[in-house]
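S.K.: Residue strings, one per chain:
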Amino acid sequence: MAQITYREALNQALREELERDERVFIMGEEVGYFGGAFKVTDGLLAIFGEKRVRDTPISELTIVGAGIGAAMGGLKPIVELMTINFGLLAMDQIVNNAAKIHYMFGGRAKVPLVIRAPQGGGHQLGAQHSQSLEAYFLHCPGIRVVLPATPADAKGLLKSCIRQDDPVIFLEHESLYGVKGEVPEEEYLVPLGRANVLRNGKDLTLISYSKCVYDSLAAADALENQGIDAEVIDLRSLNPLDMNTVLDSVRKTGKAIVIYEGWYTGGAGAEIVARIQEAAFDHLDAPVERVATLDTPMPYNAKLERAALPSPAKIIQVAEHML
Amino acid sequence: MDIGKDLLLEMYRAMVRIRLFEGKVRDLATANEIPGFVHVSIGEEASAAGVCAALRKTDRITSTHRGHGHLIAKGGRLAEMMAEIYGKRTGYCKGKGGSMHIVDFNLGILGANGIVGAGLPIATGSALAAVIAKRDDVTVCFFGDGASNEGTFHESLNLAAIWKLPVVYVCENNGFGEFTPMQTVTSVKDIAVRAQAYGIPGYVVDGNDVLEVYRYASEAVARARAGEGPTLLECKTYRWEGHVVGEQAFLGSGAYRTEQEINEWKARCPLVRFQKFAAESGKIDAAELKRIEEETAAELDAAVKFARESPLPAPSEVAEDVYV
Numbered sequence: 001m002a003q004i005t006y007r008e009a010l011n012q013a014l015r016e017e018l019e020r021d022e023r024v025f026i027m028g029e030e031v032g033y034f035g036g037a038f039k040v041t042d043g044l045l046a047i048f049g050e051k052r053v054r055d056t057p058i059s060e061l062t063i064v065g066a067g068i069g070a071a072m073g074g075l076k077p078i079v080e081l082m083t084i085n086f087g088l089l090a091m092d093q094i095v096n097n098a099a100k101i102h103y104m105f106g107g108r109a110k111v112p113l114v115i116r117a118p119q120g121g122g123h124q125l126g127a128q129h130s131q132s133l134e135a136y137f138l139h140c141p142g143i144r145v146v147l148p149a150t151p152a153d154a155k156g157l158l159k160s161c162i163r164q165d166d167p168v169i170f171l172e173h174e175s176l177y178g179v180k181g182e183v184p185e186e187e188y189l190v191p192l193g194r195a196n197v198l199r200n201g202k203d204l205t206l207i208s209y210s211k212c213v214y215d216s217l218a219a220a221d222a223l224e225n226q227g228i229d230a231e232v233i234d235l236r237s238l239n240p241l242d243m244n245t246v247l248d249s250v251r252k253t254g255k256a257i258v259i260y261e262g263w264y265t266g267g268a269g270a271e272i273v274a275r276i277q278e279a280a281f282d283h284l285d286a287p288v289e290r291v292a293t294l295d296t297p298m299p300y301n302a303k304l305e306r307a308a309l310p311s312p313a314k315i316i317q318v319a320e321h322m323l
Numbered sequence: 001m002d003i004g005k006d007l008l009l010e011m012y013r014a015m016v017r018i019r020l021f022e023g024k025v026r027d028l029a030t031a032n033e034i035p036g037f038v039h040v041s042i043g044e045e046a047s048a049a050g051v052c053a054a055l056r057k058t059d060r061i062t063s064t065h066r067g068h069g070h071l072i073a074k075g076g077r078l079a080e081m082m083a084e085i086y087g088k089r090t091g092y093c094k095g096k097g098g099s100m101h102i103v104d105f106n107l108g109i110l111g112a113n114g115i116v117g118a119g120l121p122i123a124t125g126s127a128l129a130a131v132i133a134k135r136d137d138v139t140v141c142f143f144g145d146g147a148s149n150e151g152t153f154h155e156s157l158n159l160a161a162i163w164k165l166p167v168v169y170v171c172e173n174n175g176f177g178e179f180t181p182m183q184t185v186t187s188v189k190d191i192a193v194r195a196q197a198y199g200i201p202g203y204v205v206d207g208n209d210v211l212e213v214y215r216y217a218s219e220a221v222a223r224a225r226a227g228e229g230p231t232l233l234e235c236k237t238y239r240w241e242g243h244v245v246g247e248q249a250f251l252g253s254g255a256y257r258t259e260q261e262i263n264e265w266k267a268r269c270p271l272v273r274f275q276k277f278a279a280e281s282g283k284i285d286a287a288e289l290k291r292i293e294e295e296t297a298a299e300l301d302a303a304v305k306f307a308r309e310s311p312l313p314a315p316s317e318v319a320e321d322v323y324v
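Chains B and S are the protein sequences, given in the same order. By the numbering used here, the letter at position 289 of the first sequence is numbered 289, and the numbering carries on one by one without gaps. By the numbering used here, the letter at position 176 of the second sequence is numbered 176, and the numbering carries on one by one without gaps.
These aren't lab readings, by the way, just hints derived from the structure by calculation. No experiment lies behind these values; they were computed from the predicted model shown. Be aware that one or more of the hints could be misleading.
Derived DSBU-like pairs: lysine-lysine, alpha-carbon spacing no greater than 30 Å straight-line [said to hold, decoys possible]:
| # | chain 1 | residue 1 | chain 2 | residue 2 |
| --- | --- | --- | --- | --- |
| 1 | S | Lys57 | S | Lys236 |
| 2 | S | Lys134 | S | Lys164 |
| 3 | S | Lys290 | S | Lys266 |
| 4 | B | Lys202 | B | Lys314 |
| 5 | S | Lys266 | S | Lys5 |
| 6 | B | Lys51 | B | Lys110 |
| 7 | S | Lys236 | B | Lys110 |
| 8 | S | Lys276 | S | Lys266 |
| 9 | B | Lys110 | B | Lys159 |
| 10 | S | Lys57 | B | Lys51 |
| 11 | S | Lys5 | S | Lys24 |
| 12 | S | Lys266 | S | Lys236 |
| 13 | S | Lys88 | B | Lys39 |
| 14 | S | Lys88 | S | Lys5 |
| 15 | B | Lys39 | B | Lys180 |
| 16 | B | Lys51 | S | Lys305 |
| 17 | S | Lys189 | B | Lys110 |
| 18 | B | Lys159 | S | Lys57 |
| 19 | B | Lys159 | B | Lys180 |
| 20 | S | Lys88 | S | Lys57 |
| 21 | S | Lys189 | S | Lys24 |
| 22 | B | Lys39 | B | Lys252 |
| 23 | S | Lys57 | B | Lys110 |
| 24 | B | Lys51 | S | Lys88 |
| 25 | S | Lys266 | S | Lys283 |
| 26 | S | Lys305 | S | Lys283 |
| 27 | B | Lys110 | S | Lys134 |
One-sided and incomplete, this derived list gives chain B residues near chain S with beta-carbon spacing under 10 Å [said to hold, decoys possible]:
| # | residue |
| --- | --- |
| 28 | Glu60 |
| 29 | Gly65 |
| 30 | Ile68 |
| 31 | Gly73 |
| 32 | Gly106 |
| 33 | Lys110 |
| 34 | Pro112 |
| 35 | Gly142 |
| 36 | Asp166 |
| 37 | Tyr177 |
| 38 | Val179 |
| 39 | Lys180 |
| 40 | Lys314 |
Ideal placement from N, C-alpha and C gives every residue a C-beta, glycine not left out.
In isolation and in its complexed conformation, chain B is listed as follows (with noise of 0.2 Å):
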């Protein structure tokens, strides 16, 4: 298997299905001759032309709108949003339209748009450009949430959202575009709502996705050296959510901390946790933990942004005051 980064593994699910389905077409700010503004399609423009690799003026909205109704025409649309804070300005083509145009029409309408975006904090780029903003999306029925943390599924799970039929939200963590890992050479697919166990362990469940699996990753290998053992699972997807590999580990470690990026308050892993105790809770021994982003807008200053976002050190001290 090759080693390449999830910035190269993206690149590749891009080209791959460019070439295999003529109906596959990209469109986006500066996706084109600039490459993406983190390089995502760099060399795609030369490859496939101006006509199916598309740089778009500053508007959000209607470049959301533009992929539902080209998704409408009978084409597979793929728009990059800069980064998910510009996407709260096509908030209401994603929610009103693409989660909504299936079911409102009775099912006689497909919307197969994949939106990406870049997100996250971390590098002290400020309160308005450092957001992860997965639960505005989970909230809403009807959109597909997908947050791979690995090269090998950030490939294989954005190959199986361009092939599939909803419309979907693909977040890519932006500490992660240069993290390597093992991919694949030959073609593969990672299924939607599945799961992965990165970690077997007894003693408690780390449930997380995104960059927030290595602080779990991280936390867990501390925590083994207190002798405890720490289970990690890669949620991969919040729609679809996966929880029955999370309710077998539960019920078997009975105790559990979700950890996410963003706001503490109406994230993600309240979600997961309000699941978590109405399917397992004769198993608990201990009320389900979440550890997240404090509920403050991003801070500017390094430590203060440390200080706001979530880090295998906060994992293991919420790990030991449960245990």
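Since chain B is already given, all that's left is putting chain S on it; use the hints.
M.R.: Chain S alone, transformed into the frame defined by chain B:
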């Protein structure tokens, strides 16, 4: 432009179907036989009929909250439309859409939309799809004067202009955004002039003259189909009824227009205008128009009967079609 007799009759039939269907919907809503908000376009029939007469079946349209007329003009079936408004399983959207969300993809209808201005990007994207898929279909986007103050209007015209997309933007300016007079919230007298800002043609059209609408639409559609890019048409018209059926109940003393104004526009009825043209041109016999009216009345009676007798959806259907 000489318009053939078959097309003339088709346009008249479209206007009659809209007029009778919407009159019936208004009456049923007033009698509380159908639920929800209904927005009717009585008085505005010529723009829908004239524009859609310039389209092929494979051409596409997007519509608005006041969308029954566009759907009917594009060939929508009255029975399934009425069943949808009744919330029945046999409706176009299985009772899940309602008046504001009717769709028929087989007729190139990409749906009515309850969000003002939301159809503009979708129509633009539909036109983009035709370009990428190498189809010479055109997309028409219907919207109101209110939508021309939304960001989507400006973003979409810009995008369609830079990419020379095969789309025709049809602004139906009925003078009011809900209860607010257009001129009090709009920087220009004619919305058509906003086309200049995007380097595309824009025309003011008499929206109550179906023949004039058809001529302008034909030219704009031909331009789009030839790859010459988008056009903005502003059809000046007026809605005889309120923004929403039943608004008198909550308007109270807030009357936002006068009886005199309404009556002046009723005197410019697009159907009567066509009847006069038919008589004066000698092209069409009054009996032919009469026959269309009778056939449509029968079609409408059958549609209401179908809707009334159709089954309601089962509660178990609530979670169907959230995902593909």
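S.K.: For B/Lys39 and B/Lys252, compute the direct alpha-carbon distance and say whether it is at most 30 Å.
M.R.: With Cα atoms ~42 Å apart, B/Lys39 and B/Lys252 exceed 30 Å; violated.
S.K.: Are the Cα atoms of S/Lys57 and B/Lys110 separated by 30 Å or less?
M.R.: 20 Å, holds
S.K.: Is S/Lys189 close enough to S/Lys24, meaning Cα to Cα at most 30 Å?
M.R.: 34 Å, violated
S.K.: Minimum Cβ distance from B/Lys110 to chain S below 10 Å?
M.R.: 5 Å, holds
S.K.: When you check the alpha-carbon spacing of B/Lys159 and B/Lys180, does it fall within 30 Å?
M.R.: 19 Å, holds
S.K.: Can you confirm whether the C-alpha distance between B/Lys202 and B/Lys314 stays at or below 30 Å?
M.R.: Holds, at roughly 21 Å.
S.K.: Between S/Lys266 and S/Lys236, does the CA-CA distance stay at or below 30 Å?
M.R.: Satisfied, since the Cα-Cα distance of roughly 14 Å is no more than 30 Å.
S.K.: Tell me if B/Ile68 is really an interface residue toward chain S, meaning its C-beta lies closer than 10 Å to one of theirs.
M.R.: 5 Å, holds
S.K.: Does the interface hint hold: is B/Gly73 within less than 10 Å of chain S, judged Cβ to Cβ?
M.R.: The hint holds - B/Gly73 has a Cβ within 10 Å of chain S, the shortest such distance being about 3 Å.
S.K.: A closest beta-carbon separation below 10 Å is what the hint needs, so does B/Lys314 meet it against chain S?
M.R.: 35 Å, violated
S.K.: Let me know if the C-beta of B/Asp166 comes in closer than 10 Å to any C-beta of chain S, holds or violated.
M.R.: Interface hint status for B/Asp166: holds (5 Å vs cutoff 10 Å).
S.K.: For S/Lys88 and B/Lys39, compute the direct alpha-carbon distance and say whether it is at most 30 Å.
M.R.: Violated, because 50 Å separates the two Cα atoms, which is more than 30 Å.
Hints 7, 13, 14, 16, 17, 18, 21, 22, 24, 26, 37, 38, 39, 40, counting from the list given before, are not met by this structure.
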